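Okay, here's what each chain looks like letter by letter:
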Amino acid sequence: MLKINDLTVAVNDGETEILKGLTLEIPAGEVHAIMGPNGAGKSTLSYALTGRDGYDISGGSIDYLGNDLTEMEPEERAAAGLFLSFQYPLEIPGVPTMTFLKTALNAQRKARGEDELTAPEFLKKARAIAADLKIKPDMLKRPLNVGFSGGEKKRMEIFQMLMLEPKFLVMDETDSGLDVDALRIVADGVNRLRNPERGMLVITHYQRLLDYIVPDKVHVLVDGKIAATGDADFAKTLESEGYDKYAA
Amino acid sequence: MSGETRVKDGIERETVEGVRALEAEKYKYGFDSDIEQEFAPKGLNEDIVRFISAKKEEPEWLLEWRLEAYRRWLTLEEPSWAKVDYPEIDFQDMYYYASPVKKEGPKSLDEVDPEILEVYNKLGISLKEQEVLAGVEGAPKVAVDAVFDSVSVVTTFKEELAKHGVIFCSFSEAVKDHPELVRKYMGSVVPVTDNYYATLNNAVFSDGSFVYIPPGVRCPMELSTYFRMNAQGTGQFERTLIIADKGSYVSYLEGCTAPMRDENQLHAAIVEIIVHDDAEVKYSTVQNWWPGDSEGKGGVYNFVTKRADCRGKNAKVSWTQVETGSAVTWKYPSCILRGDNSQGEFYSIAITNGFQQADTGTKMVHLGKNTRSRVISKGISAGRSNSTYRGLVSAHRKAEGARNFTQCDSLLIGDLCGAHTVPYIESDTPTAQFEHEATTSKLSDDQLFYCRQRGLSEEESVALLVNGFCRDVLQELPMEFAVEAQKLVAISLEGSVG
Amino acid sequence: MTSVIEKLPHRRLEAWKWTDLRGQVSDARTGLSQVMRPQFYLPDGISISEGEGASSDSAMGNLAAQFCSMSWNVYVPANTQLDAPIVLDELTQGHMRLAIMVDKGASLNLVEYHRGSESGFANLDIHILLAEGASLERTIVQDDPKDMVRISTACIAMETGASLSQYALSFGGGLTRLETRLYGDGEGVNARINGAYLLEGQRHTDMTSVVHLKHPNSHIRQSVKGVVTDKARGVFQGKFHVERPAQFTDAEMRHDALMLSDRAQIRSKPELEIYADDVACAHGNTIGALDESALFYMRQRGIPLQQARALLMEAFLTDVFDDLEDEALQASLVDKLRTRLEALS
Ligand SMILES: Nc1ncnc2c1ncn2[C@@H]1O[C@H](COP(=O)(O)OP(=O)(O)OP(=O)(O)O)[C@@H](O)[C@H]1O
Ligand SMILES: [Mg+2]
Chain A
0 MLKINDLTVA
10 VNDGETEILK
20 GLTLEIPAGE
30 VHAIMGPNGA
40 GKSTLSYALT
50 GRDGYDISGG
60 SIDYLGNDLT
70 EMEPEERAAA
80 GLFLSFQYPL
90 EIPGVPTMTF
100 LKTALNAQRK
110 ARGEDELTAP
120 EFLKKARAIA
130 ADLKIKPDML
140 KRPLNVGFSG
150 GEKKRMEIFQ
160 MLMLEPKFLV
170 MDETDSGLDV
180 DALRIVADGV
190 NRLRNPERGM
200 LVITHYQRLL
210 DYIVPDKVHV
220 LVDGKIAATG
230 DADFAKTLES
240 EGYDKYAA
Chain B
0 MSGETRVKDG
10 IERETVEGVR
20 ALEAEKYKYG
30 FDSDIEQEFA
40 PKGLNEDIVR
50 FISAKKEEPE
60 WLLEWRLEAY
70 RRWLTLEEPS
80 WAKVDYPEID
90 FQDMYYYASP
100 VKKEGPKSLD
110 EVDPEILEVY
120 NKLGISLKEQ
130 EVLAGVEGAP
140 KVAVDAVFDS
150 VSVVTTFKEE
160 LAKHGVIFCS
170 FSEAVKDHPE
180 LVRKYMGSVV
190 PVTDNYYATL
200 NNAVFSDGSF
210 VYIPPGVRCP
220 MELSTYFRMN
230 AQGTGQFERT
240 LIIADKGSYV
250 SYLEGCTAPM
260 RDENQLHAAI
270 VEIIVHDDAE
280 VKYSTVQNWW
290 PGDSEGKGGV
300 YNFVTKRADC
310 RGKNAKVSWT
320 QVETGSAVTW
330 KYPSCILRGD
340 NSQGEFYSIA
350 ITNGFQQADT
360 GTKMVHLGKN
370 TRSRVISKGI
380 SAGRSNSTYR
390 GLVSAHRKAE
400 GARNFTQCDS
410 LLIGDLCGAH
420 TVPYIESDTP
430 TAQFEHEATT
440 SKLSDDQLFY
450 CRQRGLSEEE
460 SVALLVNGFC
470 RDVLQELPME
480 FAVEAQKLVA
490 ISLEGSVG
Chain C
0 MTSVIEKLPH
10 RRLEAWKWTD
20 LRGQVSDART
30 GLSQVMRPQF
40 YLPDGISISE
50 GEGASSDSAM
60 GNLAAQFCSM
70 SWNVYVPANT
80 QLDAPIVLDE
90 LTQGHMRLAI
100 MVDKGASLNL
110 VEYHRGSESG
120 FANLDIHILL
130 AEGASLERTI
140 VQDDPKDMVR
150 ISTACIAMET
160 GASLSQYALS
170 FGGGLTRLET
180 RLYGDGEGVN
190 ARINGAYLLE
200 GQRHTDMTSV
210 VHLKHPNSHI
220 RQSVKGVVTD
230 KARGVFQGKF
240 HVERPAQFTD
250 AEMRHDALML
260 SDRAQIRSKP
270 ELEIYADDVA
280 CAHGNTIGAL
290 DESALFYMRQ
300 RGIPLQQARA
310 LLMEAFLTDV
320 FDDLEDEALQ
330 ASLVDKLRTR
340 LEALS
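Chains as they are written, first to last, in numbering that gives the first Met the number 0: chain A, 0 to 247; chain B, 0 to 497; chain C, 0 to 344.
Errors might be hidden in some of the hints.
[What the hints assert, rightly or not] Think about it this way: if two alpha-carbon atoms lie no more than 16 Å apart in a straight line, the pair counts; the simulated EDC-like pairs of lysine to aspartate or glutamate are:
no. : chain 1 : residue 1 : chain 2 : residue 2
1   : B       : LYS82     : C       : GLU270
2   : A       : LYS19     : A       : ASP5
3   : A       : LYS2      : A       : GLU29
4   : B       : LYS441    : C       : ASP249
5   : C       : LYS213    : B       : ASP414
6   : A       : LYS19     : A       : ASP222
7   : B       : LYS41     : B       : ASP89
8   : B       : LYS312    : B       : GLU399
9   : B       : LYS441    : C       : ASP277
10  : A       : LYS235    : A       : ASP210
11  : A       : LYS140    : C       : ASP321
12  : A       : LYS216    : A       : ASP232
13  : B       : LYS368    : C       : ASP261
14  : B       : LYS368    : A       : ASP12
15  : A       : LYS101    : A       : GLU164
16  : A       : LYS140    : C       : ASP318
17  : B       : LYS441    : C       : GLU242
18  : B       : LYS397    : C       : ASP321
19  : B       : LYS82     : C       : GLU13
20  : C       : LYS103    : C       : GLU186
21  : A       : LYS2      : A       : GLU70
22  : C       : LYS145    : C       : GLU117
23  : B       : LYS441    : B       : ASP414
24  : B       : LYS312    : B       : ASP276
25  : B       : LYS175    : B       : GLU57
26  : A       : LYS166    : A       : GLU75
27  : C       : LYS6      : C       : ASP56
28  : B       : LYS296    : B       : ASP84
[As the list claims (entries may be wrong)] Footprint (simulated), chain C over chain B, 3 or more residues, beta carbon under 8 Å:
no. : segment
29  : 410-420
30  : 430-441
Rather than coming from a laboratory, the hints here were simulated on the basis of the structure.
Small disclaimer: the values here were computed from a predicted structure and weren't measured.
Glycine included, every Cβ here is placed at the ideal spot set by N, Cα and C.
Given only the sequences and the hints, what does the whole structure look like? Please build it.
In structure tokens form, the structure reads like this:
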């Protein structure tokens with residue numbers, strides 16, 4: 000479903016190369032995890048996939064469901080089902096969470112040629128999901144992420160993910176900052192989305208998350224490349240041994 | 000953050016001790032040295048201008064320069080927009096030229112009038128610089144170009160500097176020895192008619208310093224100039240020109256003290272700095288001229304034009320100033336950020352006490368792409384003084400990606416003083432990002448109490464907390480200046496509480 | 000007519016340096032030497048009369064007095080609580096003087112619609128006295144044609160315990176200026192002076208204010224936000240003048256502006272003049288473009304760029320109206336802004 004081939008990505012007006020020929024394929028229905036040292040380029044990969052400005056793709060290709068992803072605007076990628084749970088979710092002052100989400104959901108539906116959700120439909124869905132995630136209703140009235148705690152922000156990312164029902168999920172350290180209970184709630188949410196049509200890429204530093212969301216494959220990203228790949232148990236090895244032996 | 004941790008942040012042992020040691024130091028610079036002067040007659044006219052030029056054996060072009068400036072000056076009006084108030088200056092009741100007699104330019108310390116050395120003693124610049132002046136082995140490398148009244152009398156370390164191709168001499172010498180550089184750069188940053196006082200300076204400037212750092216040279220020592228004003232009623236019109244050629248670096252220190260007297264003294268200097276590609280200039284000033292007596296009489300009028308032109312790409316200039324003296328200060332060290340990626344910084348502490356008035360700030364003019372500037376200003380008003388921050392930050396349409404951050408804090412000590420903030424912010428490009436924050440407050444009672452509970456007197460506590468308040472700026476000063484400046488902060492605030 | 004032009008302030012005056020009124024006005028303007036015919040909508044129990052009114056010391060006030068020998072006078076008796084606002088409309092062109100007194104403990108809502116005519120000139124000179132404990136909510140909707148020149152000056156004197164909430168929305172014009180001069184003539188006055196401007200084309204607006212405090216314990220909050228695009232120019236000048244007796248003043252001023260095009264301009268001068276030592280005064284000013292990372296975040300969630308921009312700008316601007324008590328009015332201001340924002344290409 001997602002085929003990344005020999006991808007190079009540079010930042011700093013193209014001066015600093017971060018991804019240096021990364022190749023990765025994630026078929027529909029699979030969950031892949033990426034682990035790797037700080038600064039290896041994991042978040043960079045997530046931004047390259049979602050089309051953030053300033054992350055120049057200088058080589059290679061990304062194919063997503065037969066489309067060349069690099070040719071698409073960020074919102075087109077979103078409408079095509081690509082969702083990124085940000086490592087550091089942004090605060091958007093003045094825009095209530097519900098307004099934001101409704102705008103996003105309907106913009107995506109419109110782009111896909113679907114009917115917009117009516118206000119009651121939307122509300123019903125939002126309330127149900129919020130309840131599942133143990134998000135207090137008054138949080139949904141507040142401006143998006145403004146003044147939320149680190150854990151609350153992560154939970155809000157998952158809330159949005161469940162609302163938008165994307166086809167392909169990229170989760171960048173969604174587990175960081177979550178307490179044990181929240182982690183389980185989030186994992187349950189993610190697992191509910193697992194189905195044969197969906198692909199997932201889970202970036203994490205902790206094997207713990209992978210106990211809940213069991214991956215089909217685990218990749219090690221070091222210095223801008225995939226240095227090794229293994230099965231779910233590989234994460235345990237990595238956690239105990241570290242990344243030293245993969246260092247360039 | 001709790002009050003307690005903030006206080007702790009501000010406390011530095013050295014400061015506390017420094018404050019204690021300072022009892023006796025209050026205006027120790029109030030004295031008059033008595034060296035014969037060779038005056039030009041009082042007043043200002045074309046003949047005086049010619050006299051000055053002739054005395055200094057200047058070339059014809061410079062005389063013309065002065066005369067033209069003088070004629071322009073006659074057509075100008077004294078500015079009145081600053082928030083300062085002072086009796087009308089009688090420009091005809093001043094001397095425009097004075098120099099220590101007999102010297103043609105001493106070649107060594109032995110040739111220096113002992114009384115001048117005595118002055119240095121009293122000034123307390125003795126610390127390291129005296130050793131430097133005395134030529135003591137192993138003395139720290141600080142080159143001092145002392146401007147005694149109007150003529151440079153001592154220039155040291157010339158040779159060592161010369162080895163690196165650095166030129167550091169009096170302005171008059173530069174006119175004689177490096178006319179091509181002087182003609183190329185003089186007036187290219189501050190035009191002759193820039194403002195009333197600058198134009199006056201162009202007509203009658205006495206002397207000052209000249210610095211040229213050749214391409215790629217990192218100046219091997221900090222260059223330091225002590226300015227003093229000496230003869231009664233003598234206007235002082237310094238002229239400083241600093242040129243940092245491509246890829247060079249220099250740190251320049253300017254420090255001042257002035258003798259006590261009850262007659263106002265006018266000081267209208269010009270400092271021009273040219274920074275080429277990849278070069279950097281750091282200019283630090285500690286200014287503690289005679290602020291006037293306890294009734295507010297006398298004191299220096301300081302009307303200075305300081306400006307740096309970052310002409311080349313990646314050029315950087317940084318102004319740091321500690322202003323504690325003068326009766327009236329009117330001073331806006333500025334940066335023209337012309338070269339792409341050039342940077343300007345302005346760090347300032349202005350302390351006013353008694354009847355002092357200070358109107359000071361900076362201009363950051365962003366012309367080039369990705370230019371950055373940073374302004375940190377700390378104003379402290381005590382007694383019956385008034386202190387104003389006046390600043391301009393502007394971005395030209397072509398200044399894509401320009402960035403400015405300004406933080407401007409004022410502190411009031413006592414209820415008879417004033418603190419004012421007048422920023423002008425102009426942006427003509429959407430990619431510029433300007434941020435300005437300003438606060439006015441008083442010292443926290445809780446913090447004061449905390450300090451006193453730990454045994455500091457009220458005055459010590461104030462000095463300590465004010466030093467904490469100024470910390471962001473103090474730490475930008477070169478080491479030797481920073482210690483002096485901390486003491487100065489304490490001295491300047493004496494008598495402001497209780 | 001030239002004599003009127005000669006009396007207009009110009010850019011060589013410090014207070015008008017970015018708003019060159021004289022340079023913008025020619026004889027061709029209508030309303031230059033004309034008396035304005037405003038329309039008042041008064042709640043029951045409030046009447047309006049003509050009288051001498053208050054005298055002005057400003058150039059614009061004098062000019063108004065030259066054409067209007069009489070001022071409109073409105074009196075709100077002590078302790079009156081009105082259930083409807085006073086609405087001012089048809090402030091199309093010409094000069095007008097208005098004096099309002101809100102007596103002790105009374106409260107008033109005042110809504111002004113500044114809607115002018117093509118090539119018009121309008122000069123409003125407004126004086127308001129808020130007596131002890133009186134309160135006023137003043138809302139100004141300035142929506143003029145693109146070549147309108149309008150100067151509106153309100154001098155608001157506040158006695159002990161009086162409170163003011165002012166909300167202004169400006170779309171600019173050929174040159175418009177909304178000046179508010181607030182005088183704290185008593186202790187413990189409470190004021191909020193908010194404004195938003197949205198400018199396109201070659202429009203110019205100027206929001207100028209002076210808060211002059213002479214007594215202790217006042218609380219002032221000011222927030223002005225602007226968005227400028229095309230070749231428009233936004234000017235903000237704010238000043239807090241805190242005199243020696245005005246101890247324990249707590250005053251905050253903010254101006255935040257977004258620039259959307261490379262020909263737009265922002266000029267800002269947030270000024271503090273403080274003579275009292277036990278005060279907490281602050282101002283902040285930011286100028287920049289829309290937050291790129293917020294835009295990206297929104298697009299990642301599928302919101303098209305255009306819409307993401309409009310949403311961010313709406314949130315940015317309308318927050319100054321958050322505390323407006325009249326909810327219907329608040330909604331209408333937000334709607335107006337939204338319509339204009341959506342129309343921006
Ligand atoms: N805009 C940028 N400009 C310069 N360097 C950048 C930029 N963005 C990222 N980098 C650098 O690229 C490298 C990779 O960053 P990235 O955020 O992808 O790391 P990461 O693998 O996600 O690390 P972590 O585990 O800490 O989240 C880092 O060294 C980072 O400093
Ligand atoms: Mg990361």
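A quick look at each hint next to the structure:
Our distance criterion of 16 Å between C-alpha atoms is met by LYS82/B and GLU270/C, whose separation comes to about 13 Å. Between LYS19/A and ASP5/A the CA atoms are separated by roughly 8 Å; this keeps the pair inside 16 Å, and the hint holds. Simply put, LYS2/A and GLU29/A have alpha-carbon atoms about 13 Å apart, close enough for the 16 Å limit, and the pair holds. Between LYS441/B and ASP249/C the CA atoms are separated by roughly 12 Å; this keeps the pair inside 16 Å, and the hint holds.
This hinted pair checks out: LYS213/C and ASP414/B have alpha carbons roughly 14 Å apart, not beyond 16 Å. Using a Cα cut-off of 16 Å, the hinted pair LYS19/A and ASP222/A holds, with the two alpha carbons roughly 8 Å apart. About 11 Å separates the Cα atoms of LYS41/B and ASP89/B, which keeps this hinted pair within 16 Å; it holds. A threshold of 16 Å between alpha carbons decides the hint, and for LYS312/B with GLU399/B the separation of about 14 Å falls inside it, so the pair holds.
Between LYS441/B and ASP277/C, the direct Cα distance comes to roughly 6 Å. Compliance with the 16 Å bound is thereby established for this hinted pair. Taking the CA atoms of LYS235/A and ASP210/A, the gap is about 10 Å. The hint holds against a cut of 16 Å. For the suggested pair LYS140/A and ASP321/C, the alpha carbons sit about 14 Å apart, so the restraint of at most 16 Å is met. Among the hinted pairs, LYS216/A with ASP232/A is consistent with the structure: their alpha-carbon atoms are about 9 Å apart, no more than 16 Å.
Our distance criterion of 16 Å between C-alpha atoms is met by LYS368/B and ASP261/C, whose separation comes to about 13 Å. For the proposed pair LYS368/B and ASP12/A, the alpha carbon gap of about 14 Å is at most 16 Å, so the pair holds. Proposed proximity of LYS101/A and GLU164/A is supported: the alpha carbons are some 13 Å apart, at most 16 Å. At roughly 15 Å between alpha-carbon atoms, LYS140/A and ASP318/C fall within 16 Å of each other, so this suggested pair holds.
With a C-alpha separation of about 15 Å, the suggested pairing of LYS441/B with GLU242/C holds against the 16 Å cut-off. Between LYS397/B and ASP321/C, the direct Cα distance comes to roughly 37 Å. Violation of the 16 Å bound is thereby established for this hinted pair. Distance restraint check for LYS82/B and GLU13/C: the Cα-Cα separation of roughly 13 Å lies within the 16 Å cut-off, and the hinted pair is therefore satisfied. Using a Cα cut-off of 16 Å, the hinted pair LYS103/C and GLU186/C holds, with the two alpha carbons roughly 14 Å apart.
Annotation: proposed proximity of LYS2/A to GLU70/A holds, straight-line Cα distance about 15 Å (limit 16 Å). A distance of roughly 8 Å separates the Cα atoms of LYS145/C and GLU117/C; the hinted pair therefore holds under the 16 Å criterion. For the proposed pair LYS441/B and ASP414/B, the alpha carbon gap of about 10 Å is at most 16 Å, so the pair holds. Between the alpha carbons of LYS312/B and ASP276/B the distance comes to roughly 5 Å, so the proposed pair stays at or under 16 Å and holds.
Between LYS175/B and GLU57/B the alpha-carbon distance is near 8 Å, which keeps this suggested pair within the 16 Å criterion. Among the hinted pairs, LYS166/A with GLU75/A is consistent with the structure: their alpha-carbon atoms are about 13 Å apart, no more than 16 Å. The suggested pairing of LYS6/C with ASP56/C holds, with an alpha-carbon distance near 13 Å, which does not exceed 16 Å. Of the supplied pair hints, the one linking LYS296/B and ASP84/B holds, its CA atoms being roughly 13 Å apart against a limit of 16 Å.
Interface restraint, the segment 410-420 of chain B with chain C: holds (10 residues with C-beta to C-beta distance below 8 Å; minimum three). Given as covered by chain C, the segment 430-441 of chain B passes the check, having 12 residues with a CB less than 8 Å from a CB of that chain where 3 are the minimum.
In terms of the numbered hints stated before, the structure departs from hint 18 and from no other.
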